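> What follows is each chain in one-letter form.
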Amino acid sequence: MSNEQSSIAFPSTEELSGPLLRVKDLRTTFSTPRGSLTAVDGVSFELGRGETLGIVGESGSGKTVLARSVMGLLPRSNTTQTGSILFEETEIVGAQEATLREIWGAKIAMVFQDPMTSLNPVVRIQRQITESLRLHTSMDRAEAKATAISLLSQVGIPSPAERVRAYPFQLSGGMRQRVTIAIALACSPRLLLADEPTTGLDVTVQAQILDLLSSLQSARQMAVILVTHDLGVVATRTDRIAVMYAGHIVEMASTKRLFASMAMPYTQALLRSTPRISQPSHTRLIAIDGRPPDLINPPSGCAFAPRCTYATDQCRSERPPLRTAPEDPTHLFACWNPLQTGNAGSITTAKGEN
Amino acid sequence: MAKFLLKRLLALMGILLLVSLGIFMLVHLLPGDPTTTILGPNNTAHNRAVLMQQLGLNKPIWSQYFLWLGNIFHGNLGQSFITHQTVTNTLANAFPIDLELIVISQVVALSVSIPLAIASAKKPNGLLDRVSTTTSFALLALPPFIIIVFAVLIFSIHFHVFPGPGSYVPFSQDPISNLHTMILPSLVLAIGSVVIYFRLLRGDLITTLQEEFIVMARSKGLSNRYIMWRHALRPSSLSLLAAAGLNIGGLVAGAFVVEFLLAIPGLGYALVNSIQQVDYLAVQGVTLFVAVVVVVLNFIIDFLFTIVDPRIARE
Amino acid sequence: MSAETAPLLSVKDLTVSFKKGRQVVQAVAGISFDVYEGETLGLVGESGCGKSTTGRAIVRIEEPTSGEVLVAGKRLTGLGRGELRRARTSIQMIFQDPVSSLNPRRRVNDIVAEPIDIWKTETGDQRAATVREMLEAVGLDPDVAGDRYPREFSGGQCQRISIARALVMKPKVLICDEMVSALDVSVQAQILNLVEDLKAKYGLTLVFIAHDLAVVKNVSDRVAVMYLGRLCEVAPSDDLYALPAHPYTQALLSAVVEPDPEKATSHVTLTGEPPSPINPPSGCRFRTRCPSAQERCASEVPELREIAPRHQVACHFPTLRP
Ligand SMILES: Nc1ncnc2c1ncn2[C@@H]1O[C@H](COP(=O)(O)OP(=O)(O)O)[C@@H](O)[C@H]1O
Ligand SMILES: Nc1ncnc2c1ncn2[C@@H]1O[C@H](COP(=O)(O)OP(=O)(O)O)[C@@H](O)[C@H]1O
Ligand code: SF4
Ligand code: SF4
Ligand SMILES: [Mg+2]
Ligand SMILES: [Mg+2]
Numbered sequence: 000m001s002n003e004q005s006s007i008a009f010p011s012t013e014e015l016s017g018p019l020l021r022v023k024d025l026r027t028t029f030s031t032p033r034g035s036l037t038a039v040d041g042v043s044f045e046l047g048r049g050e051t052l053g054i055v056g057e058s059g060s061g062k063t064v065l066a067r068s069v070m071g072l073l074p075r076s077n078t079t080q081t082g083s084i085l086f087e088e089t090e091i092v093g094a095q096e097a098t099l100r101e102i103w104g105a106k107i108a109m110v111f112q113d114p115m116t117s118l119n120p121v122v123r124i125q126r127q128i129t130e131s132l133r134l135h136t137s138m139d140r141a142e143a144k145a146t147a148i149s150l151l152s153q154v155g156i157p158s159p160a161e162r163v164r165a166y167p168f169q170l171s172g173g174m175r176q177r178v179t180i181a182i183a184l185a186c187s188p189r190l191l192l193a194d195e196p197t198t199g200l201d202v203t204v205q206a207q208i209l210d211l212l213s214s215l216q217s218a219r220q221m222a223v224i225l226v227t228h229d230l231g232v233v234a235t236r237t238d239r240i241a242v243m244y245a246g247h248i249v250e251m252a253s254t255k256r257l258f259a260s261m262a263m264p265y266t267q268a269l270l271r272s273t274p275r276i277s278q279p280s281h282t283r284l285i286a287i288d289g290r291p292p293d294l295i296n297p298p299s300g301c302a303f304a305p306r307c308t309y310a311t312d313q314c315r316s317e318r319p320p321l322r323t324a325p326e327d328p329t330h331l332f333a334c335w336n337p338l339q340t341g342n343a344g345s346i347t348t349a350k351g352e353n
Numbered sequence: 000m001a002k003f004l005l006k007r008l009l010a011l012m013g014i015l016l017l018v019s020l021g022i023f024m025l026v027h028l029l030p031g032d033p034t035t036t037i038l039g040p041n042n043t044a045h046n047r048a049v050l051m052q053q054l055g056l057n058k059p060i061w062s063q064y065f066l067w068l069g070n071i072f073h074g075n076l077g078q079s080f081i082t083h084q085t086v087t088n089t090l091a092n093a094f095p096i097d098l099e100l101i102v103i104s105q106v107v108a109l110s111v112s113i114p115l116a117i118a119s120a121k122k123p124n125g126l127l128d129r130v131s132t133t134t135s136f137a138l139l140a141l142p143p144f145i146i147i148v149f150a151v152l153i154f155s156i157h158f159h160v161f162p163g164p165g166s167y168v169p170f171s172q173d174p175i176s177n178l179h180t181m182i183l184p185s186l187v188l189a190i191g192s193v194v195i196y197f198r199l200l201r202g203d204l205i206t207t208l209q210e211e212f213i214v215m216a217r218s219k220g221l222s223n224r225y226i227m228w229r230h231a232l233r234p235s236s237l238s239l240l241a242a243a244g245l246n247i248g249g250l251v252a253g254a255f256v257v258e259f260l261l262a263i264p265g266l267g268y269a270l271v272n273s274i275q276q277v278d279y280l281a282v283q284g285v286t287l288f289v290a291v292v293v294v295v296l297n298f299i300i301d302f303l304f305t306i307v308d309p310r311i312a313r314e
Numbered sequence: 000m001s002a003e004t005a006p007l008l009s010v011k012d013l014t015v016s017f018k019k020g021r022q023v024v025q026a027v028a029g030i031s032f033d034v035y036e037g038e039t040l041g042l043v044g045e046s047g048c049g050k051s052t053t054g055r056a057i058v059r060i061e062e063p064t065s066g067e068v069l070v071a072g073k074r075l076t077g078l079g080r081g082e083l084r085r086a087r088t089s090i091q092m093i094f095q096d097p098v099s100s101l102n103p104r105r106r107v108n109d110i111v112a113e114p115i116d117i118w119k120t121e122t123g124d125q126r127a128a129t130v131r132e133m134l135e136a137v138g139l140d141p142d143v144a145g146d147r148y149p150r151e152f153s154g155g156q157c158q159r160i161s162i163a164r165a166l167v168m169k170p171k172v173l174i175c176d177e178m179v180s181a182l183d184v185s186v187q188a189q190i191l192n193l194v195e196d197l198k199a200k201y202g203l204t205l206v207f208i209a210h211d212l213a214v215v216k217n218v219s220d221r222v223a224v225m226y227l228g229r230l231c232e233v234a235p236s237d238d239l240y241a242l243p244a245h246p247y248t249q250a251l252l253s254a255v256v257e258p259d260p261e262k263a264t265s266h267v268t269l270t271g272e273p274p275s276p277i278n279p280p281s282g283c284r285f286r287t288r289c290p291s292a293q294e295r296c297a298s299e300v301p302e303l304r305e306i307a308p309r310h311q312v313a314c315h316f317p318t319l320r321p
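If you're matching them up, the sequences are chains A, B and C in order. FYI, numbering that gives the first Met the number 0 numbers position 273 of the first sequence as 272, with every residue one higher than the one before it. FYI, numbering that gives the first Met the number 0 numbers position 3 of the second sequence as 2, with every residue one higher than the one before it. FYI, numbering that gives the first Met the number 0 numbers position 194 of the third sequence as 193, with every residue one higher than the one before it.
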């Protein structure tokens, strides 16, 4: 798939340097009837060119809001954003819509969770792909159509020349998600935000879509932010992982490091509550009791404290700052009582039992 | 798609057949004896019987119906025994007037309601939205025939902004004064439609604009204008279309009332006259024709549904 | 649980077809399996393979086209209305969407007591006591939860309420259709643990339907793999996951992602999507996607047969144990 030619030139690696995306102290607040809700609270991270960052967390932890904030896509009417999001040379926070529109689709693109709702049901696939090509490139109608067909074949849709005339409802769920990927990739963006791209799909289709994303990504030198609630999805497909809880990044490390020596009790709890096929049947899962906090009235200390088995009085009164692990400066975590290395996951035990 | 439309067409044929039967029976239950109307109240029983035979009124009612139906298929709706005009001729003279009224009113209604709905839906609860929603709500509370009566009283009879009753000039004679006469009734007819179309489209647009595919369209960098017209309008126009279909009957009725008030010689005018004169052939003919028109328009709307939402015909 | 004892639930050659215009969708195409007392049978497969239809046909929400369902040796199929309703109390179903399966206008107490009220088995204090017991059993505080409405609860809590309602008539068999699929991992783990506890406490027999292979393995004693309306493989969980014999089971397992970066990225052998159940392939239904398909697979339907103790496979060329 990767050797297929698209008519758009990919940026070569040499001409690019420095991080692609720099997010600093991002805070996104919604005004709601119940009061103001801070869905993303003081998030900072950098993303290199071609890098893949996984963002994991339970539902409601702010992953979608973070992804949409990075793009500047949230409706302005009830949203306040502070902090800074530097994409290449462009500041996203507070930018004019006109500025953003030049980036949207052309340099940053998004794949949404549910292709059933994210594709327009009454518009043919062809137009949904070509409209951004016509907007962002100088292609004429025929060229855009040819490119659309080539994109559909790159994402593995059989008989693309016919399918391009189809409406979304005429395709299966997996095919629809491939179409949304084709749409996102149309103008060869530098950054792809994939928000739960495989949630709700069958494992077989999930594997196909994830494989497809990885191969397209490496062929195109595209950075990817892969948002998911499933640690399994990010474990083998990302360079780094950020774990979110209640609007904060509570732990961030390279994927290998995170799984080998996680420091956050929350990350561990998430991992332990996930059933795995490598565990024998009837393995007792270690569930996380309770629910994430109400973001309108967040607790004063560590947001995880009410559910954390390691919580102390300090946890309940003082917010733990994000700090670096002594052995690895790229490993960040926010916890007063971090896990000791080796105490981390249940990986070793699970393997032993298998 | 062709199959879907064929199915609809067959169903409509069935409906038309039923409608024709209904009209036929209804007209025959109409009070008054046509022979009395034609021959006057003081004629002999013999003369009446002869006329009955000439008109075929002494045959069994079923054979009268099939005779009538057979003639219709040959384009023969009969001849009025009062004005001695063929019913086809009456229709040919009167129908273009109704068509003009309805077309102008609908063009006006759509070109007001669509932009207004779009502008309101862009900023729900904005100033424009609040003003137009409140106004439309007030208009909704007024029955259309009251609007018509008042508009005619105020603009034609009191202020003379528009020509008064009886000043109708055919389009072929003088297009300018024809249009001048037709503007008021068309606008009056349009008001009801504007209110309905605006309210439905605004509501559906607001819902559509919150859909995920609109966020997706924004994420491609498309302009808000393009998103509105290309992505939001079509999926939002289904209720509008359905309402337009339901509205046709009301529109025709409204046109008839306006014609009657302003003495415009359209179908409504012709129908009222024929009823008053117990001209049963003309009543039958006009009613059936109106029914056919309404049914055909509904068919066209069904077809438009399949264009607006391709899922309808194919699933 | 030994094969010698009679099964509690027995499904025999079950077929369910739907008419779709002039075409016939064979959602379930002749499947047979037994579930023994105290056992959990997992049912997995890609969406659309007929798992829910199987579950619904067992409790007769869906009328089976042919075949038999027996509970404790008694036929459920072919029962009259009254008898069926009575028999249904011994077999209950729990659905995926916890929120929409609860009546929003009724209080939790009344939702849970609904089966009692229908059967008028208990009244007054006794009814209240049973409801309390059930709510406590599913981990809800009866004093806090009882008088509230479903909308005041999260998805996980609503699923607890559905479980309480399903258990109130003390059924023998519980059919769980994707009961944790809509829940977050943390809540999913709570519910899965709860199911295990309740199974032990009330001696339940479970048919656990889900598309998530890890979840199914976790709760099941045996697992049945379904493809396009037919069973491919039935085996004890640990055997099935360790030594899958059917090419489809192997393909499914290879696609599972594990929260472990050391596990090599999957090499998915399965391409494309299942064909339509309206016009399924002849012979083995999996042959259009099967890497090991041969001529015989197109002409001859593979029947479920035992290749090892308690391990059944429907394939002409299964991977046999070393
Ligand atoms: N437009 C919005 N207005 C108000 N609150 C919102 C809005 N979008 C999201 N939220 C809230 O922000 C929080 C984070 O949501 P989200 O980012 O969707 O979570 P996740 O994607 O991790 O499941 C939730 O509590 C959600 O209710
Ligand atoms: N009521 C129905 N009418 C027509 N087809 C149906 C109906 N219910 C299910 N089906 C079809 O039967 C097949 C199996 O569906 P289902 O049992 O829901 O699968 P699963 O639960 O494994 O996802 C699918 O192809 C589905 O489209
Ligand atoms: S800071 Fe305290 S409560 Fe928070 S995760 Fe660490 S140990 Fe648990
Ligand atoms: S019977 Fe043939 S086609 Fe079917 S699974 Fe076995 S090898 Fe594959
Ligand atoms: Mg989300
Ligand atoms: Mg199902």
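None of these hints come from the bench; they were simulated from the model. Certain hints may be false.
[As the list claims (entries may be wrong)] Here are the computed distance ranges between Cβ atoms for each label pair:
no. : chain 1 : residue 1 : chain 2 : residue 2 : range
1   : C       : 82        : A       : 308       : 32 to 38 Å
2   : B       : 118       : A       : 116       : 37 to 43 Å
3   : B       : 124       : A       : 217       : 44 to 50 Å
4   : A       : 214       : C       : 278       : 31 to 37 Å
5   : C       : 103       : A       : 116       : 35 to 41 Å
6   : C       : 321       : A       : 281       : 22 to 28 Å
7   : A       : 315       : C       : 74        : 58 to 64 Å
8   : A       : 214       : C       : 320       : 32 to 38 Å
9   : B       : 61        : C       : 103       : 36 to 42 Å
10  : B       : 124       : C       : 105       : 33 to 39 Å
11  : C       : 274       : A       : 308       : 35 to 41 Å
[As the list claims (entries may be wrong)] Lysine-lysine pairs mimicking BS3-like chemistry, simulated, CA-CA at most 30 Å apart:
no. : chain 1 : residue 1 : chain 2 : residue 2
12  : C       : 262       : B       : 6
13  : C       : 262       : A       : 255
14  : A       : 106       : B       : 122
[Unchecked claim] Over the 12 Å line for every Cβ pair with chain A, so calculated as not near, a few chain B residues:
no. : residue
15  : 55
16  : 222
17  : 295
As the structure is a prediction and not an experimental result, all values here were calculated from the model. Note that CB positions come from ideal geometry on N, CA and C, so glycine has one too.
> Could one say that the CB atoms of residue 214(A) and residue 278(C) fall in the range 31 to 37 Å?
At 33 Å between Cβs, range holds.
> Need the status of pair residue 262(C), residue 255(A): alpha-carbon distance at most 30 Å?
holds, 11 Å
> In this structure, is the beta-carbon distance linking residue 124(B) and residue 105(C) contained in 33 to 39 Å?
Once the Cβ atoms are compared, 35 Å apart, the range 33 to 39 Å for residue 105(C) and residue 124(B) holds.
> Mind verifying the non-interface call on residue 222(B)? Its CB should be farther than 12 Å from each CB in chain A.
The claim breaks: residue 222(B) does not keep its Cβ more than 12 Å from every Cβ of chain A (closest is about 7 Å).
> Are the Cα atoms of residue 262(C) and residue 6(B) separated by 30 Å or less?
Measuring from Cα to Cα gives roughly 57 Å; hence the hint is violated.
> For the hint 35 to 41 Å, verify it against the beta carbon of residue 274(C) and that of residue 308(A).
violated, 49 Å
> Please check whether the beta-carbon of residue 55(B) is more than 12 Å away from every beta-carbon in chain A.
holds, 53 Å
> Okay, residue 61(B) versus residue 103(C) on CB: inside 36 to 42 Å?
Since residue 61(B) and residue 103(C) have Cβ atoms about 56 Å apart, the given range 36 to 42 Å is violated.
> Confirm or reject the claim that residue 103(C) and residue 116(A) have a C-beta distance inside 35 to 41 Å.
violated, 23 Å
> Return holds or violated for the Cβ distance of residue 315(A) and residue 74(C) against the range 58 to 64 Å.
holds, 60 Å
> Can you let me know if the beta-carbon spacing of residue 321(C) and residue 281(A) is within 22 to 28 Å?
holds, 26 Å
> CB of residue 118(B) to CB of residue 116(A), is that within 37 to 43 Å?
violated, 26 Å
Of the numbered hints given earlier, the model fails hints 1, 2, 5, 9, 11, 12, 16; all others are met.
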